[in-house]
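Engineer: Here is how the chains run, residue by residue.
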Amino acid sequence: MDSTRFNPGNAEQVLAVLQWAAGEGATLELVGGGAKRAWGRPVQAEYTLDLAGLSGINLYEPAELVMTLKPGTPMAEVQATLAAQRQRLAFDPPDLGPLLGVDAGGGTIGGAVLTNLAGPGRPRQGAARDHLLGFKGVSGRGEAFKSGGRVVKNVTGFDLSKLMAGSFGTLAALTELSLRVLPIPEKTRTVLLFGAPAADGARAMAAALGSPHDVDAAAFLPAGVAARSAVDYVSGAGESVTALRVEGPGPSVAARCAALRGLLASFGAVEELHTARSETLWRELRDVAPFTGGDGEFADRRQVWRLSTAPSAGPALGQELAEDFDGEWYADWGGGLVWLAIPPRDDAAHHPVRAALAEAGGGHATLMRADAPVRAAVPVFQPQAPALAALGQRVKAGFDPKGILNPGRMDT
Amino acid sequence: MTAERAPLGDDLIAELSGLLGDRLSLSAAVREQHGRDESYHHPQPPDAVAFVESTDEVVAVVKACAARRVPVIPFGTGTSLEGHVAAVRGGVCIDVTRMDKVLAVNAEDLDVVVQPGVTRKALNEHLRDTGLFFPVDPGANASLGGMVATRASGTNAVRYGTMADVVLSLEVVVADGRVIRTARRARKSAAGYDLTHLFVGSEGTLGVVTEITLKVFGIPEAILAAVVSFPDLDGAVNAVIETIQLGVPIARIELLDEVQMDACNRYSGLDYPVQPTLFLEFHGSEAGVKEQVATVEALCEGHGGGHFQWSTRPEDRTKLWQARHDAAYAAMGLQPGTKPMATDVCVPISRLAECILETKKDIVASGLIAPIVGHVGDGNFHLVLLVDPDDPDDIARAHALNDRMVMRALAMEGTCTGEHGVGLGKMDFLTAEHGEALGLMRAIKRALDPDDIMNPGKIVRV
Numbered sequence: 001m002d003s004t005r006f007n008p009g010n011a012e013q014v015l016a017v018l019q020w021a022a023g024e025g026a027t028l029e030l031v032g033g034g035a036k037r038a039w040g041r042p043v044q045a046e047y048t049l050d051l052a053g054l055s056g057i058n059l060y061e062p063a064e065l066v067m068t069l070k071p072g073t074p075m076a077e078v079q080a081t082l083a084a085q086r087q088r089l090a091f092d093p094p095d096l097g098p099l100l101g102v103d104a105g106g107g108t109i110g111g112a113v114l115t116n117l118a119g120p121g122r123p124r125q126g127a128a129r130d131h132l133l134g135f136k137g138v139s140g141r142g143e144a145f146k147s148g149g150r151v152v153k154n155v156t157g158f159d160l161s162k163l164m165a166g167s168f169g170t171l172a173a174l175t176e177l178s179l180r181v182l183p184i185p186e187k188t189r190t191v192l193l194f195g196a197p198a199a200d201g202a203r204a205m206a207a208a209l210g211s212p213h214d215v216d217a218a219a220f221l222p223a224g225v226a227a228r229s230a231v232d233y234v235s236g237a238g239e240s241v242t243a244l245r246v247e248g249p250g251p252s253v254a255a256r257c258a259a260l261r262g263l264l265a266s267f268g269a270v271e272e273l274h275t276a277r278s279e280t281l282w283r284e285l286r287d288v289a290p291f292t293g294g295d296g297e298f299a300d301r302r303q304v305w306r307l308s309t310a311p312s313a314g315p316a317l318g319q320e321l322a323e324d325f326d327g328e329w330y331a332d333w334g335g336g337l338v339w340l341a342i343p344p345r346d347d348a349a350h351h352p353v354r355a356a357l358a359e360a361g362g363g364h365a366t367l368m369r370a371d372a373p374v375r376a377a378v379p380v381f382q383p384q385a386p387a388l389a390a391l392g393q394r395v396k397a398g399f400d401p402k403g404i405l406n407p408g409r410m411d412t
Numbered sequence: 001m002t003a004e005r006a007p008l009g010d011d012l013i014a015e016l017s018g019l020l021g022d023r024l025s026l027s028a029a030v031r032e033q034h035g036r037d038e039s040y041h042h043p044q045p046p047d048a049v050a051f052v053e054s055t056d057e058v059v060a061v062v063k064a065c066a067a068r069r070v071p072v073i074p075f076g077t078g079t080s081l082e083g084h085v086a087a088v089r090g091g092v093c094i095d096v097t098r099m100d101k102v103l104a105v106n107a108e109d110l111d112v113v114v115q116p117g118v119t120r121k122a123l124n125e126h127l128r129d130t131g132l133f134f135p136v137d138p139g140a141n142a143s144l145g146g147m148v149a150t151r152a153s154g155t156n157a158v159r160y161g162t163m164a165d166v167v168l169s170l171e172v173v174v175a176d177g178r179v180i181r182t183a184r185r186a187r188k189s190a191a192g193y194d195l196t197h198l199f200v201g202s203e204g205t206l207g208v209v210t211e212i213t214l215k216v217f218g219i220p221e222a223i224l225a226a227v228v229s230f231p232d233l234d235g236a237v238n239a240v241i242e243t244i245q246l247g248v249p250i251a252r253i254e255l256l257d258e259v260q261m262d263a264c265n266r267y268s269g270l271d272y273p274v275q276p277t278l279f280l281e282f283h284g285s286e287a288g289v290k291e292q293v294a295t296v297e298a299l300c301e302g303h304g305g306g307h308f309q310w311s312t313r314p315e316d317r318t319k320l321w322q323a324r325h326d327a328a329y330a331a332m333g334l335q336p337g338t339k340p341m342a343t344d345v346c347v348p349i350s351r352l353a354e355c356i357l358e359t360k361k362d363i364v365a366s367g368l369i370a371p372i373v374g375h376v377g378d379g380n381f382h383l384v385l386l387v388d389p390d391d392p393d394d395i396a397r398a399h400a401l402n403d404r405m406v407m408r409a410l411a412m413e414g415t416c417t418g419e420h421g422v423g424l425g426k427m428d429f430l431t432a433e434h435g436e437a438l439g440l441m442r443a444i445k446r447a448l449d450p451d452d453i454m455n456p457g458k459i460v461r462v
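Here the protein sequences line up with chains F and D, keeping their order. Each step along the first sequence adds one to the number in my numbering, with nothing skipped, and position 34 is 34. Each step along the second sequence adds one to the number in my numbering, with nothing skipped, and position 252 is 252.
If you're looking for bench data, these hints aren't it; they were derived computationally from the structure. Check before you lean on any hint, since a few could be wrong.
To be verified - Calculated lysine-lysine pairs in the DSS-like style (CA-CA distance at most 30 Å, straight line):
{"hint": "1", "chain 1": "D", "residue 1": "Lys319", "chain 2": "D", "residue 2": "Lys360"}
{"hint": "2", "chain 1": "F", "residue 1": "Lys396", "chain 2": "D", "residue 2": "Lys63"}
{"hint": "3", "chain 1": "D", "residue 1": "Lys290", "chain 2": "F", "residue 2": "Lys187"}
{"hint": "4", "chain 1": "F", "residue 1": "Lys187", "chain 2": "D", "residue 2": "Lys215"}
{"hint": "5", "chain 1": "F", "residue 1": "Lys396", "chain 2": "D", "residue 2": "Lys215"}
{"hint": "6", "chain 1": "D", "residue 1": "Lys339", "chain 2": "D", "residue 2": "Lys215"}
Sequences are here, hints too, so could you generate the full structure?
Structural biologist: Okay, here's the thing in C-alpha cells:
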C-alpha cells in the first residue's frame, strides 16, 4: 500500500484528510480518473488524494432534468444512464484522454467540471460551468461547504459554482455535484460547405450562427485536416470543409437545413450529413481527433495549443500560426476556438503564439499537449494582467490559504 | 441597525468637488433619491452622489474614498427590489447613468461592449437596425451595470439565459481603485478563476462595473405569442413542466394566477378569463416555430388549457407583454394605498405546483392580497404582497408569509431568491441556505475588499 496516497470512500473521509492536511500544511494532488493529469503545469505534491472512490449517482429524476452525483463517477456511466432516458449533458464534454496521452473513456464527471470542459455546442449550450447548479466540497481550509442546489436560477450571493468550474482542483475537493441535463434532440444534421478559404469560412459561420435557424455548432476544417476524417463526405472533399450543426425535431431540422443551404449557396457547394455521420464528425472535432492519430512510434506527438479568441478572428489566426510553424489547425465554436498542432519545440513557440493572439485582438492560449518538462518551463495557461492575477491569488487564499491543493497546477 | 455613520470629511468633499465640479451633489433631494429602490425597504441616503462620466473618474472617486475608508455604493436606475442601493453606512453613491454609451457592436461575433449606465431598452433601441437584440428583460428598464450586479433575469431566460449566461467580460474598478478586465472578447476564459462571474451578482460588494461585454442574439425570423387559460394551477404548471422536459426551445413561458389576471385585466383594460394563465412566446425560423407551437398546444390541451389567443403582429405582442411587465403596477391597483413587497423563490420544477399551492393557502390565511406571477420554466415565482408600509401589523404578516415561503422553498432544495437578490431583505436567509459557504463568501469579500467599503452591509456581514 502506498503511504502517500489517500483513497477516501465518502465525504466524511475527504473532510478528515483535508482537515489533517490543512493543519499540517501537507500538499495534495487531487485525482479522479487521472485522465487529465497532463493538462496544466505538473503538480509537485507530497500526497495524492484519490477521489475515484467517491463514485455513483445519488439522485436522478429524468423529469427534473437534474442529476446529483459524486465526482468520481466515470463519464461513461453518466452518459449511459442519461442516454437510457434520452437525455444528455448539454455541455457535451470532450474525451481528451487520447490527446493527453491516456486511453479514451477514463474521465470522471468531477474532472470534466473542474476543467470546465465544453463541446462544439458551446456557442449555444455553454460549458460545464453553465450547467453546474450546485455542489458540495471541502475547501483547502479543511471546511465542508455547499453552494447552489438543484435549481436553475439562484442569486444568493457570490456564485461559487462558477468559481469551482475551471479551478482545476486548486480551491476545494468536490464531494457532490448537481448538474442540469437536457433531452437528446430527435435529429441531428450537419450542413457542409466545401472549398471556402478560411476568411469565407469565418463569414459563413458568423452568418449561420447569427441566422434564425438555430445553428448550434460551427467549425472550419482546412483541407489537410478534413482529409483525415472518418466521415466519407468530409475526407473525400479534397478541400476545406465548413460544418454547421442543426438539432431538433425532424421536420424543423429539415426545413432549417434547407434554409441554411440557401444562405450558404453564395459561398460554394453544399452537402448535408444525417444523424450518424454528423455525430461522428462532431465527436472527432470535440475530442481533437485530428491531432491524436497514429499508434506507437507513429503516434501524433506534436505540441497542441488551444486558442480562444473572438470568433471572427480565429480562422485567420490559426492559418497564420500554422504557416509560421509548419503546423496544422482547425476551428470550432464558430471560429472562437482554434486547435493548433506544431512540431515539438522546447519553448512550444509560446512567445510568438501569444503575440499573434494579442495581435488578433486578444484571448487565451493554453498549451494542451507537451511533455512535462516543457509544461514546467512554459506558461501553460494564458498569463494574466497583474491586477487580475492578484485578485485570483486573493480568491485562492480565501479557499486555500496554505496552498495545499494541487500546488502549481494553474500557475503561470 | 447598528451601522455606524460618520459625516464625510471636508477634505474628501473638496477632493471630489475638485474632480467633478457640480457633478458632485450634496443636496438632500438627490441623496434621498439615491438611497431608495423600488422596494418596501426604508430609504437610507448616501452622504454625497457622484455623477461620473468615465472609468477614470470612478477610479478617482474610489481611490479618494478608499484612502479614508468611506463606503462606495454604485447606482444605476435604482430599480432593485431588496434595498441593494441603501447606504446603510452612508458614504458616496457613484451614479453611472451618464456612462451611457454603446462602445462597440460586433455583429459578426454577436457581442456588444457597453458602459454600465446603458439601460436594457436603450441597448435594444441602439441595436434596432442591426438585426440583433439583447434578451434579458427584468420588469424595470434597468441599467446594464445594475443588471450585472444583481445577476438579473427576465421572461426570456428559458431560451436565452440570465445575465450569468450573457456577460462575456467586465471592466471593474475594485476596492483599492485598480481597474481590472476579466477577459477579452474570447468566449472562454481559460486563464485563472472565473472572476467575471464572481462579479456578476455580487451586488456592488466587490467593485464598480465600468464596462460590460455582452452576448447578443439574432432577431428571430418568426415570433408568435399566445395566451392560454387553465381551469386550475396544477394544469398550467404541468403543461410547463412537460414543455421543458421535451426540450422545446420556447422563449417565454410565464404563469399568472387568477388574482394577477384580474389585476392585469383592470390595469391594462383587457378581458382575459380570470383563471391561471400562461403567457407564451415562440422564437425561431418559420418552420421551427410552427413545430414548437403544435407541440405546446397539444400539451396545454392535455392539461385542460383552452382559449388560446395568438398574436403574430408586433403591436399585439407588445400589448400582451406590456401587460405582463406591468404586473407589479397592476397588482398595486388591487388595493390602492398599498406598496408592493415583492419577493421570489426558486424550486426544482417538480415541486413547483406544490410550492405555489401551499403558498396560496398561506396567502388566504394571512388575509393579505398577494398575486403570483412566475417564470415557471425555471421553477421561479414571485409574490407581490400588498402592504401598507405604515401599518406594522401588515408588515409583520407579510414577513411571516415570506418567511414561510422561503423556508418551504429551502426544504424543497430550492433557493431563497432566484431573481431579486439578497440586498438587505434576504441576508438572514443566507445562513439557512448556505451554512458554511457563507464563511467562504466572507473570506472572498475580505480578500477583495479588506476595508469593507464596497456597498457595505449587503450579502455578507463582515
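Engineer: Any of the earlier hints contradicted here, and which numbers?
Structural biologist: 6
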